Amino acid sequence: MVGRVGESATKRRFWLTFFLAPHLIGMLIMLVIPIVASFILSFAEWDLLTPARWVGLDNYANLLNSPDFWTALGHTCFYIIGYLPIVLVLGLTLALLLNQKLKGLLFFRTAYFMPVVSSWVAVALLWRWLLNPRYGLINYGLGLVGLQGPNWIYDPNWSLPSIIFAGIWKDLGFVMMLLLGGLQAIPQEYYEAAKIDGAGGYKLLMRITLPLLSPTIFFVVVISLINSFQVFDQVYVMTGGGPAGSSQVLVGEIVNNAFSYSKFGYASAISWVLFALIMGVTVVQWRLQKRFVHYQ
Amino acid sequence: MRQATNGLAEIKPKQERIVLGSSYTRLLKSLVIFIKYLALIVFALFALMPFAWMLSTSLKPAGEVLSVTPSFIPANPTLANYTAIAEAFPIGRILINSVVVAIIITGGQILFCSMAAFAFARIPFKGREVLFILYLATLMIPQQVTITPLFILMTGLGWVNTYQGLILPGIFSAFGVFLMRQSFMSFPREYEEAAFLDGATYWTVFRKLVLPLSRPALATLSVLAFMSAWNAFLWPLFVTRDADIMTLPVALATLQGRWTTQWNLVMAGAVLAVTPILLLYIFAQRYFVQGMTMSGLKG
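Each protein sequence line maps, in turn, to chains A and B.
The working numbering numbers the first residue of the first sequence as 1 and each following residue consecutively.
The working numbering numbers the first residue of the second sequence as 1001 and each following residue consecutively.
Looking at chain A on its own, in the form it has when it is part of the complex (with noise of 0.2 angstroms):
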């Protein structure tokens, strides 16, 4: 706690307050008060219109009795466990074919990431129009070889798989460039011992490349998680939760309840079971990933 030679003690004062102030103004503001103001929402109803009326624990009780509520944790779920393991083999399929000596890596490494930047909104109004039933692409092609395409977002059975198709195709080239990352800190070495050993191509990938990348595969799985359980744009623009709710998420349970229906502190207390689904996977993956994750 030593500052400068000659500094006197009003002076950094003045300093310090000039450079983290506004930063720190900003954030008690716009996101620290907002926590806990939303915290004491979930304990009351609140319209805007009449007086806040405290409820207790009335928001989450009827919360956790809501079919809406399950309904919607469900879609999350099945989003997670349609979308993870695919993105996760092609994913990691991308890096292991990426993380060689082949010319023009760049471009396609380029092409593979162009769908992580762009919008959401932009992406999924591409894949309503390339799910169209009638007119869309990937019917038309699916005709080609003699199938007849669903009905995709307009079925209450391919709605979730349709918002899952696009979200892969979206993310896998962000899952390639964190595996990509994590296969290139691998050191050398190891191959060129196991080459000596004389060992083949599947057994350097089962000994060595997964076991070491397995940090960054539990990486992955967490922030695909931690992202997924937030899935809301591409629902809102593709399906707007439908049909008749068959694609309905949490997010867009938080939307409705706040947007549609004013109910403020219902709303809040939803945002608070997401946040601990959210840590409560994150905590079990931390101690499950002591089993499965070698590092070096």
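Since the hints were made in silico from the structure, they are not lab data.
Source: prediction; values computed, not measured.
A virtual CB, placed ideally from N, CA and C, is assigned to each residue, including glycine.
Do not take every clue at face value.
[To be verified] Under the rule of at most 30 angstroms between Cα atoms (straight-line distance), these lysine-lysine pairs were calculated in the DSSO-like manner: (1) A:Lys-101 x B:Lys-1208; (2) A:Lys-101 x B:Lys-1029; (3) A:Lys-103 x A:Lys-203.
[Unchecked claim] If you want the ones that stay clear, here's a sample from chain B, every Cβ over 10 angstroms from chain A, calculated: (4) Ile-1073; (5) Val-1100; (6) Ala-1119; (7) Ile-1133; (8) Tyr-1163; (9) Ile-1245.
Let chain A serve as the given structure and place chain B on it in line with the hints.
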């Protein structure tokens, strides 16, 4: 002697096998390379074809869009869709909104985050570590938690449907502070000590020494802030009401509601939304990748 001949006879076919084997492995090797490129190309088509389809649809006249035998190349390419959305929407205004909002948020993040990061990295004060950990802790709270009270706050301030309501919540990010602090911590203090001895103030050191040395981190933060502001949807959806104040993603979502079947118009809007960010990405690829893999953020 006989045994020796036998021995030779045994060796000979083996040698032949090695010769055969080497051309066989070479063939196998080029086959493997071919398969790898094939896989790379298939994935590239998977990533790029939807973009091509978006562009192609945006250039087609209405009659050509709803065709049961779609083609990637428009038979009669036209820019009419772009002028049509400009007539139905103040699209110029919306584009300017998007650009201005994204630029102000980026500039604000650069200024305020790097200033705060400088305080955390270089100005000693009581409780600095604790405060920084609290900063990091806010990163774990999802945006959806704060959005309801933030909306109520903006309603109270009368800032719903205003630029300040749209912009201010995007400026103060703990991640930006974290990123800049990492960079500031990585270079030695000796330069600054010398500058301080010459009588420089903290501001001079920050402006003339620390910031120029942190250009890569600044670039990473800039592209990241710009991208998330440009693509932001949930908060702008809450806080904007009129087309005059909307950003492109919100306007696009509305556009779709209005013209459910006019995909040529919707795709023209989508092209407008993705082109600027894709161009920026192609020119500043390194910083995009760095920033996004660091933050775990997705578009």
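Does the structure break any of the earlier hints, and which numbers would those be?
Violated: hints 1, 6.
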